[in-house]
Amino acid sequence: MTNHFFEFIGWVMLKSARIFFRLPDRLLILLFCTVETVLGWIDPAHPGRASTRELREVFQTDPVGGRTIRNFFLKSRHAQGRALFAGMVRHHVRVQGHPYAAPQPPGPSRLVGRQLKIGLIGASHDLHALKCAYAEFGPAELIVLDPMGPLPDLDGLEVARMTPEALERMDQAAARGMAVSIHHTAVDSLESLQRVLSVAKRTNAPFRLFYPYFHYPPAVKVRDLIQQGEIGEICHVRIRATMGAPGWLADHKPPPAMDYLSHPAFDHFLLLADLGGPIDTVAAYLNPMLPETGGQGMVVCKFAFPGRYGILECTFAPQLHLVTEHEPFLLEAEIAGSDGIIWLQRGMARRTCDAPIRVRVGQRAYSIGVESGFPAQWGVTYRSMAEEMVHMVRTGREPAVSDSLLCSAFEAREAAGRPEAGQRVVAL
Amino acid sequence: MTVQPRPLNVAMIGVGDITDLHYPAYVDFDQAVLHTICDASESALARRSAQWGVKHKATDYRQVLVDPDIDLVEVNLPHHLHKEVVVAALGAGKHVACQKPIATTIADAKAMVTAAEKSRGSFRVLENFVFYPPYEKARELILAGEIGDPLTIRFKLGTGLFGSRWIPLKSELWHLRESEKGMGQAVFDDGYHKLSMAMHYFGPVASVMGFIGRSFNYIDEPAQLMWRYKDNQVLGSFDNAFSPNLYTFSKYFPADERIEVVGTRGMIFLSQCTGQIMDAPPLILYRDGKSVLFEDLETDWQASFTAGIRDFPAAICEGRQTLISGKRALEILQMAFALIIAAQKGVEVRPDEVSDDMIAETLGKTKPDTTP
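Top line first, the protein sequences correspond to chains V and S. Be aware that the first sequence starts at 1, since it is given in our numbering, and climbs by one per residue. Be aware that the second sequence starts at 429, since it is given in our numbering, and climbs by one per residue.
Honestly, the hints are just simulated from the structure, not real lab data. All C-beta atoms, glycine included, are put in the ideal place defined by N, C-alpha and C. Keep in mind that the hints are not guaranteed to be accurate.
Once the Cα atoms are required to be at most 27 angstroms apart in a straight line, the calculated DSSO-like pairs of lysine-lysine come out as [to be verified]:
| no. | chain 1 | residue 1 | chain 2 | residue 2 |
| --- | --- | --- | --- | --- |
| 1 | S | Lys-598 | S | Lys-658 |
| 2 | S | Lys-483 | V | Lys-75 |
| 3 | S | Lys-538 | V | Lys-75 |
Per label pair, the in silico range of CB-to-CB distance [said to hold, decoys possible]:
| no. | chain 1 | residue 1 | chain 2 | residue 2 | range |
| --- | --- | --- | --- | --- | --- |
| 4 | V | Gly-177 | S | Gln-772 | 17 to 27 angstroms |
| 5 | S | Gly-774 | V | Thr-163 | 14 to 24 angstroms |
| 6 | V | Ala-123 | S | Gln-772 | 42 to 52 angstroms |
| 7 | V | Leu-290 | S | Asp-659 | 14 to 24 angstroms |
| 8 | V | Thr-163 | S | Ala-634 | 56 to 66 angstroms |
| 9 | V | Glu-136 | S | Val-775 | 33 to 43 angstroms |
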């Protein structure tokens, strides 16, 4: 009790005086040591005291003239003091949901009321889901095109597989001012992405790279939370993609080297860049992924933003059972910041019925999920994707994902695939 | 190794903060009794003597080593002092338990391992995580094939500044001075625990790479590290993050520690150790579409110290080696240095090739300060 009383005094002194930050080092050291000495007199069980000599030595070794070390100690002593009073303050740990922020309705448009026609080039394993999505959110009709035939009169073009013919149709579509959407699996290299981006820029056609996690509502929400500063300054982004059984890989040949780093294994360079920002340096340990025995890979990265690091981990677990609405690809993300942590707990598949988003920040904890009416079904991704395309067609406005971010993701992917990435870090 | 018919008499050399967690292991323990405490500080000795009821005190460890009544010596000193005392104690034929990390240089660690091989006493490095009940249970599940063949293992360390007991300024200062010697608080010191678990689960490590950042110029966080194992295809990763404003509940230190293991048919999640940031079972096994929650495991961090400390006298009586051996402790030390070097140089490093010369060249230092 007595110990706490004097610790309280110390806390009050620290709390009430921003002037402490302006005190000369000697006086601050003396203050720290005085508080500790008094504590030692009052309570023999109080552990050994720091000496002024020790403190002074540490201050002197600080390369920033003692400022960082003093700030650290003041912050830590302040935090210790706060903790002492945590028990005296009634705090509520809430489970609260955030209402799902519906995307902004389309702006004024010359095309309202007319059935839109969106062409699709290339096979898509989620064709039925796409068709339904367009019908629901258009009204728009998805028309599968013959890639060898002429480009009909359409409002937009979806490209699911990039062939020379598809590229030609894309050029034509862009030249006509049609909205163009390229499925991320159709772009297999940075060069081909840049080619596509340059066409879009040249023609001023609205363009997007379709990547499902730009539309999956929990992933969108996580991005929003980060951008709002909910967990403070981000220092670490972790994404784990786990493919389970019965899995894509069980039905397909093992992918060649470059494909290994894209669909469906390491798709998520785009999400990594989306959450952490442009990527600066990567290193990778990649093991083969085989249908019978599974496999895994890890790509660690340093983001361009100082003091931010990340990892993209991909695992193929051939007997892992996952609940899924589409394919057994589980995506989990954990983002750590100065104030807290956000977890994204599901993607296309899930392994837990927990809410899709959990947040710990400060002394609060909450989740965002069905309790708050938040849509987390995978099917919403397609609806959101269709809605965005219709919005692009109607308003000519592109989604807010920058070209540089897309390029950074693809560049990181290519760098991770280089043989030297397994022996040294590779700068982008 | 002869069977000891009476409780072993233990001497603690160094009675700093960490021994708050050691002492309870000797309460009501019939295989060993805390006989003597030794510290250079008389006031610390007086305090501990009053606290623990230990009558025999010494200010010089040499007095302890010549005492024929002492069977087992615990070395709980600053890291750079481990070698001198451990080698002397082993030379005196005592059983020796040394707090982690084993040493601050490879040469010192090797000297300790060599001394142990020549001594009639047993030697171990106390790394308590391997005795933490949920971690032990998880290892059992992995070895039993519950998650199939392991594929990846992840260690997470998140440190906060509040939520735990009052951390004395002296302790914080000590940690920062260790950092000044080139070894980081998070990756080297606390990270030793994670690397120990990494090897305890899947064996020695072949190569490492990664990044280590800095907070407040001192703390080696955030970091993202990864490694390959020698004897299997498992990949491991260790990431740490500094979240000063995140309330990290703990009775000890505000550290959020989690382990995740993915196998070919299941996953294991361990949600706490020193601290706890979420209300979740300590161990979850996910397999075949079901989650098995292990809710009845002992989760107090103290339990790992108690179990670990008590296992040594038991091992001595039974004639077996307890965890962790000097050789393993050396491997972990090499891995820790390898991670630091890999992060500094941006290259892959093999832990078994790490030498003091490499460390000195990379960290720009000669041998760490060995002044007591």
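Each hint, compared with the structure:
Between Lys-598 of chain S and Lys-658 of chain S, the direct Cα distance comes to roughly 40 angstroms. Violation of the 27 angstroms bound is thereby established for this hinted pair. The hinted pair formed by Lys-483 of chain S and Lys-75 of chain V fails the criterion: a straight-line CA distance of about 40 angstroms is larger than 27 angstroms. Straight-line distance between C-alpha atoms of Lys-538 of chain S and Lys-75 of chain V comes to about 40 angstroms, which puts the hinted pair past the 27 angstroms bound. Checked against the given bound of 17 to 27 angstroms, the beta carbons of Gly-177 of chain V and Gln-772 of chain S, roughly 53 angstroms apart, lie outside it.
A beta carbon spacing of about 39 angstroms between Gly-774 of chain S and Thr-163 of chain V contradicts the range 14 to 24 angstroms that was offered as a hint. At about 48 angstroms, the CB distance of Ala-123 of chain V to Gln-772 of chain S agrees with the hint of 42 to 52 angstroms. Remark: the range hint 14 to 24 angstroms for Leu-290 of chain V to Asp-659 of chain S is upheld by a beta-carbon distance near 19 angstroms. A C-beta distance of roughly 42 angstroms is found between Thr-163 of chain V and Ala-634 of chain S, which places it outside the suggested range of 56 to 66 angstroms.
Between Glu-136 of chain V and Val-775 of chain S the beta carbon distance is about 53 angstroms. The supplied range of 33 to 43 angstroms is therefore violated.
Hints 1, 2, 3, 4, 5, 8, 9, counting from the list given before, are not met by this structure.
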